[in-house]
Amino acid sequence: MFSPSTMIKDLDQLREKKPLVTNITNYVVTNSTANALLAIGASPIMTHAVEEVEDLMNISSSLVINLGTVARTYLEAMPAAWAAANKRGVPVVLDPVGAGASRVRTEAPASMLSKYQPAIVRGNASEIMTLAGESGEAKGVDSTMGADAAELAAKALAGVHKCTVVVSGEVDVVTDGERVVRVAGGSDMMPQVTGLGCTASALCGAFAAVSGSFLEAAVHAMAAMNVAGEIAAEQAKGPGSLQLHFYDALYSMGRDDIEKRMRIEG
Amino acid sequence: MFSPSTMIKDLDQLREKKPLVTNITNYVVTNSTANALLAIGASPIMTHAVEEVEDLMNISSSLVINLGTVARTYLEAMPAAWAAANKRGVPVVLDPVGAGASRVRTEAPASMLSKYQPAIVRGNASEIMTLAGESGEAKGVDSTMGADAAELAAKALAGVHKCTVVVSGEVDVVTDGERVVRVAGGSDMMPQVTGLGCTASALCGAFAAVSGSFLEAAVHAMAAMNVAGEIAAEQAKGPGSLQLHFYDALYSMGRDDIEKRMRIEG
Amino acid sequence: MFSPSTMIKDLDQLREKKPLVTNITNYVVTNSTANALLAIGASPIMTHAVEEVEDLMNISSSLVINLGTVARTYLEAMPAAWAAANKRGVPVVLDPVGAGASRVRTEAPASMLSKYQPAIVRGNASEIMTLAGESGEAKGVDSTMGADAAELAAKALAGVHKCTVVVSGEVDVVTDGERVVRVAGGSDMMPQVTGLGCTASALCGAFAAVSGSFLEAAVHAMAAMNVAGEIAAEQAKGPGSLQLHFYDALYSMGRDDIEKRMRIEG
Numbered sequence: 076m077f078s079p080s081t082m083i084k085d086l087d088q089l090r091e092k093k094p095l096v097t098n099i100t101n102y103v104v105t106n107s108t109a110n111a112l113l114a115i116g117a118s119p120i121m122t123h124a125v126e127e128v129e130d131l132m133n134i135s136s137s138l139v140i141n142l143g144t145v146a147r148t149y150l151e152a153m154p155a156a157w158a159a160a161n162k163r164g165v166p167v168v169l170d171p172v173g174a175g176a177s178r179v180r181t182e183a184p185a186s187m188l189s190k191y192q193p194a195i196v197r198g199n200a201s202e203i204m205t206l207a208g209e210s211g212e213a214k215g216v217d218s219t220m221g222a223d224a225a226e227l228a229a230k231a232l233a234g235v236h237k238c239t240v241v242v243s244g245e246v247d248v249v250t251d252g253e254r255v256v257r258v259a260g261g262s263d264m265m266p267q268v269t270g271l272g273c274t275a276s277a278l279c280g281a282f283a284a285v286s287g288s289f290l291e292a293a294v295h296a297m298a299a300m301n302v303a304g305e306i307a308a309e310q311a312k313g314p315g316s317l318q319l320h321f322y323d324a325l326y327s328m329g330r331d332d333i334e335k336r337m338r339i340e341g
Numbered sequence: 076m077f078s079p080s081t082m083i084k085d086l087d088q089l090r091e092k093k094p095l096v097t098n099i100t101n102y103v104v105t106n107s108t109a110n111a112l113l114a115i116g117a118s119p120i121m122t123h124a125v126e127e128v129e130d131l132m133n134i135s136s137s138l139v140i141n142l143g144t145v146a147r148t149y150l151e152a153m154p155a156a157w158a159a160a161n162k163r164g165v166p167v168v169l170d171p172v173g174a175g176a177s178r179v180r181t182e183a184p185a186s187m188l189s190k191y192q193p194a195i196v197r198g199n200a201s202e203i204m205t206l207a208g209e210s211g212e213a214k215g216v217d218s219t220m221g222a223d224a225a226e227l228a229a230k231a232l233a234g235v236h237k238c239t240v241v242v243s244g245e246v247d248v249v250t251d252g253e254r255v256v257r258v259a260g261g262s263d264m265m266p267q268v269t270g271l272g273c274t275a276s277a278l279c280g281a282f283a284a285v286s287g288s289f290l291e292a293a294v295h296a297m298a299a300m301n302v303a304g305e306i307a308a309e310q311a312k313g314p315g316s317l318q319l320h321f322y323d324a325l326y327s328m329g330r331d332d333i334e335k336r337m338r339i340e341g
Numbered sequence: 076m077f078s079p080s081t082m083i084k085d086l087d088q089l090r091e092k093k094p095l096v097t098n099i100t101n102y103v104v105t106n107s108t109a110n111a112l113l114a115i116g117a118s119p120i121m122t123h124a125v126e127e128v129e130d131l132m133n134i135s136s137s138l139v140i141n142l143g144t145v146a147r148t149y150l151e152a153m154p155a156a157w158a159a160a161n162k163r164g165v166p167v168v169l170d171p172v173g174a175g176a177s178r179v180r181t182e183a184p185a186s187m188l189s190k191y192q193p194a195i196v197r198g199n200a201s202e203i204m205t206l207a208g209e210s211g212e213a214k215g216v217d218s219t220m221g222a223d224a225a226e227l228a229a230k231a232l233a234g235v236h237k238c239t240v241v242v243s244g245e246v247d248v249v250t251d252g253e254r255v256v257r258v259a260g261g262s263d264m265m266p267q268v269t270g271l272g273c274t275a276s277a278l279c280g281a282f283a284a285v286s287g288s289f290l291e292a293a294v295h296a297m298a299a300m301n302v303a304g305e306i307a308a309e310q311a312k313g314p315g316s317l318q319l320h321f322y323d324a325l326y327s328m329g330r331d332d333i334e335k336r337m338r339i340e341g
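Chains as they are written, first to last, in my numbering: chain A, 76 to 341; chain B, 76 to 341; chain C, 76 to 341.
These are calculated hints, taken from the structure and not from any lab test. Among the hints, erroneous ones may be present.
Any copy, or any two copies together, can satisfy a pair, since identical chains are not distinguished.
[Stated by the list, open to error] In silico SDA-like links for lysine to any residue, alpha-carbon gap of 25 Å or less:
| id | residue 1 | residue 2 |
| --- | --- | --- |
| 1 | K312 | M264 |
| 2 | K92 | S288 |
| 3 | K190 | L150 |
| 4 | K92 | I333 |
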């Protein structure tokens, strides 16, 4: 069902339509997230001002809510934006950064999930396990859990919230609760660049604006991460140059790269 | 009146005096703006703390107010800083990021403009049209309006507020309400790097601290953007490497580069 | 006492243990600080949410408090985090960015120092002189004072607060109030990259999590900055490429680099 052809079609759509993706994201990655969205062809806007989120939902094609900064002003803007997005049918991507590391990072996404409808939830194994109510120890933003337990948690979470769930890891797992798709590639140097997980969530938002389904959007977003990461790693001497080449690869990635490097299963 | 020679003179001044430029700017571009100011020779300080803006105006050579983040704390600091700057004769550059995209982004700069005196206002066509009271649809931070209408709006805005107005675009338009100067160059890959518009406004602030007039400051700032962008684009394989080479070019840009690449008209 | 061997031992520890370093730092450098910590092997978490700092101190190996952004929410989180860190024995690094530039930047770190125990204080000469109660004019974040006066101030500050103090400059001075160690290297292009001082403070936090003493941690952190800066400068054409190569060097820096380039005295 998903293939290099479906990926290329969605990527072309993205570059042609340049959908406006609104991001309420953490202050560590606003710049890198905006650059990644621009590089792949989307139009990013970054905000955490509760005063404008309703207005922005009138012109946005998707909304990305990232819990990496949990200061009060951010936590005010997120539910207001999400409520407005649900009302207007704007798809919402949730990234529960650090769920499990502090109470507020665990409770805030859980509380919003109980009230609003997500299109896609993306996190590492530990964050997804935490959200799914499983035991999970979050250490910073790194994953510390096994892949199998995480996959079960992802399917459960997707089933309860009727959404697509992505567990990022060496092999990314994407599920709508029934179907499970695995996406491989990238580079083991990617976790040494801050915020590439946040970038993955933002790309889910970009593809959600153009893809036929949210499962497809998530699969294509992970494929874009892995293809670009693999291209970048071949030229990089460390995480500094990796990030630079990663943006260049998102920008220039074409049919040949995708046919050669996209690896999905399921 | 403006030439490679006037540009080189101002750039030398900038690198020698290292003027302190205070920036109240959005959290997407604080890092890239500071890096651009350092690379060209200025001394940046970034703040949005209302508690310190008066103190900082005592030691600053210019102030840049950028509406990219419109959270409450930012909107408190901006008018306080602007009032203090006007009182002390510190030139103020206004960047109305996203004017038209949400009510607060439209009203906040308009309200401040009605009370305080700007030296330079810089935006894209859509933002300048919005501020000038013309109809204009802001889509994210991209320009969507025609160049001619934007030029008329810029002249009107400059006339009303007795300031210099810059409309960034493929060719940048700079006007003090009577004279119109066009600055060309750069690269069509520049809009794929987040915050280069914000960088342009910050460079206006840097040059405003040393130039003979605000019109001259704005023309030289746009020339610096275009010369550095052109040099960077010749070495770049995408927006990631473009940004890197852009800082390097701001840092190393010399007489030969400016004489060879500076293109102004009017 | 300190040598390439002690440095290599601590660096190996850092890369093996990946200690969680919590940073309450300014919004200019969150991204670059996180990238530097990841590149050298630590696990960064960035926050300024007072709601979660106590929770984070339960899982953190060190805390870095950086005064670069002095908005209210930041100033609320800092003392709460520091108190919790002291209670749990988590070492705290203080970076008084811009002390002397505004009252709040001078008073906030001084007030916290009077109540809580630091492990390491790191600043430029002007900031350390200001904190030590000496006269000192802070111009932005640059140092403007002589090295000798700064060294006296550093020794006095270290003596009063029973901590290690680092004065960054062309040659970095590290003292516990009695012993003085000088660390040389780096590149004179480093001040043209924003936030490398903040990175130095963050690396102090990373080494404080694994070193045998805070004096040793600070010496090794400065050595890491200088070795990586020197490697990066050999490949850089300006501050843009310097920053990129700097991350790569922190990541790949090994025994040979350290034996060849580490320069300490005292």
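Results of checking the hints against the structure:
1. K312 <-> M264: both (10 Å within a copy, 21 Å between copies)
2. K92 <-> S288: Only inside one copy: K92 and S288 sit 17 Å apart there, 41 Å across copies, limit 25 Å.
3. K190 <-> L150: Result: close within a single copy only, 14 Å intra versus 30 Å inter.
4. K92 <-> I333: within (20 Å within a copy, 37 Å between copies)
The structure shown violates none of the earlier numbered hints.
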